[in-house]
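First to last, the sequence lines map onto chains A and B. The opening residue of the first sequence carries number 1 in this note's numbering; numbering runs sequentially from there. The opening residue of the second sequence carries number 1 in this note's numbering; numbering runs sequentially from there.
Treat the hints with caution; some may be incorrect.
[As the list claims (entries may be wrong)] Each computed DSSO-like pair below joins lysine-lysine, with the alpha-carbon atoms no more than 27 Å apart:
id	chain 1	residue 1	chain 2	residue 2
1	A	87	B	10
2	A	96	B	98
3	B	25	A	87
4	A	95	A	66
[What the hints assert, rightly or not] Calculated Cβ distances over 10 Å to all of chain B for the following chain A residues:
id	residue
5	21
6	27
7	62
8	65
9	76
10	85
11	90
12	91
Hints listed in this document are in silico derivations from the structure and should not be mistaken for laboratory results. Note that the coordinates shown come from a computational prediction; the quantities given were computed from them, not determined experimentally. Glycine included, each C-beta is placed from N, C-alpha and C at the ideal position.
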Amino acid sequence: MFNEHFFELILASGDVVIALEEIKLKIQMGLNTDFVQVIDLRGGDHIQAIIVSKVFENKSLIEQHKMIYDILDVEMKSNAIHALTLKTYSPSQWKKMGGSVKIGVDHQI
Amino acid sequence: MLDIVEEIKKDIKENKIMLYIKGTKDSPQCGFSAAVIDIFKFMGVPFETRNVLEKTELREEIKKYTSWNTIPQVFIDGKFVGGCDITRELYQNGELQKLVENAKQDS
């Protein structure tokens with residue numbers, strides 16, 4: 001039902017990617033969130049999502065990330081999202097971080 | 001030939017740090033795989049890798065084994081730690097170093 005309303009963007013390369021707003025909406029519909037930010041890191045198929053939700057409280061990072069992967073399962077499998085960088089926080093962790101994180105892929109450490 | 005799942009169990013048991021990646025240690029084929037390799041190289045600890053691109057069955061089995069759908073996958077002391085994002089985050093907050101240190105002491 002939800003998929004019918006998905007906007008798709010077609011890149012010059014012919015690859016189909018979905019709009020960032022749609023990913024955000026899908027996460028918000030799948031999970032009770034306090035904050036969601038979805039950013040394009042590179043040409044639409046490599047995105048970063050920052051999600052703050054009460055449901056992450058007392059859950060391991062594996063469990064937190066898995067919840068998001070489950071919500072975006074179709075898009076990941078179809079390669080509409082080729083690469084996803086996730087940052088998940090409970091509201092208390094988010095507050096500790098000062099309500100912001102560094103944006104971008106850093107393959108350097 | 002060993003069953004793939006048995007092979008996974010053997011690898012993660014025999015290697016304190018075991019990475020399932022795309023490509024090889026010296027020639028990773030994906031930025032995320034490169035990132036986890038960099039972390040362990042930077043920490044200067046020994047680790048082993050398997051290239052899932054070489055073996056389709058391994059790529060599928062490792063995903064089933066951990067119920068985790070993406071590559072790379074990092075194991076420390078036989079336990080699944082996570083993918084690239086989690087490994088990086090654990091490194092940044094010092095947790096990864098603790099896991100590695102504990103794994104060393106066990107041996």
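### Message
Over 10 Å from every CB of chain B: does residue 65 (chain A) meet that, or does the non-interface label fail?
### Response
violated (6 Å)
### Task
Decide, holds or violated, for the assertion that all CB atoms of chain B are farther than 10 Å from the CB of residue 21 (chain A).
holds (22 Å)
### Status of residue 76 (chain A), Cβ more than 10 Å from any chain B Cβ
violated (7 Å)
### Task
Given the hint that residue 87 (chain A) pairs with residue 10 (chain B), test it: the Cα-Cα distance must not exceed 27 Å.
Roughly 32 Å between the alpha carbons, so the hint for residue 87 (chain A) and residue 10 (chain B) is violated.
### Message
Next pair to validate is residue 25 (chain B) with residue 87 (chain A); report whether the Cα-Cα distance is within 27 Å.
### Response
Judged against 27 Å, a Cα distance of about 26 Å means the pair holds.
### Query
Does residue 91 (chain A) sit more than 10 Å from chain B, CB to CB?
Holds, because the least Cβ-Cβ distance between residue 91 (chain A) and chain B comes to about 17 Å, which exceeds 10 Å.
### Query
Does residue 85 (chain A) sit more than 10 Å from chain B, CB to CB?
violated (6 Å)
### Task
Verify the proposed pairing of residue 96 (chain A) with residue 98 (chain B), using a straight-line Cα cut of 27 Å.
holds (22 Å)
### Minimum Cβ-Cβ distance from residue 90 (chain A) to chain B exceeds 10 Å
Residue 90 (chain A) clear of chain B: closest Cβ-Cβ about 14 Å, beyond 10 Å.
### Query
Regarding the assertion that residue 62 (chain A) does not contact chain B, is the least Cβ-Cβ distance greater than 10 Å?
It is violated; residue 62 (chain A) is separated from chain B by about 5 Å at its closest Cβ, not greater than 10 Å.
### Message
Tell me if the straight-line CA distance from residue 95 (chain A) to residue 66 (chain A) falls inside 27 Å.
### Response
holds (22 Å)
### Query
Are all beta-carbon distances from residue 27 (chain A) to chain B longer than 10 Å?
holds (15 Å)
Hint compliance for this structure: hints 1, 7, 8, 9 and 10 are broken, all remaining hints hold.
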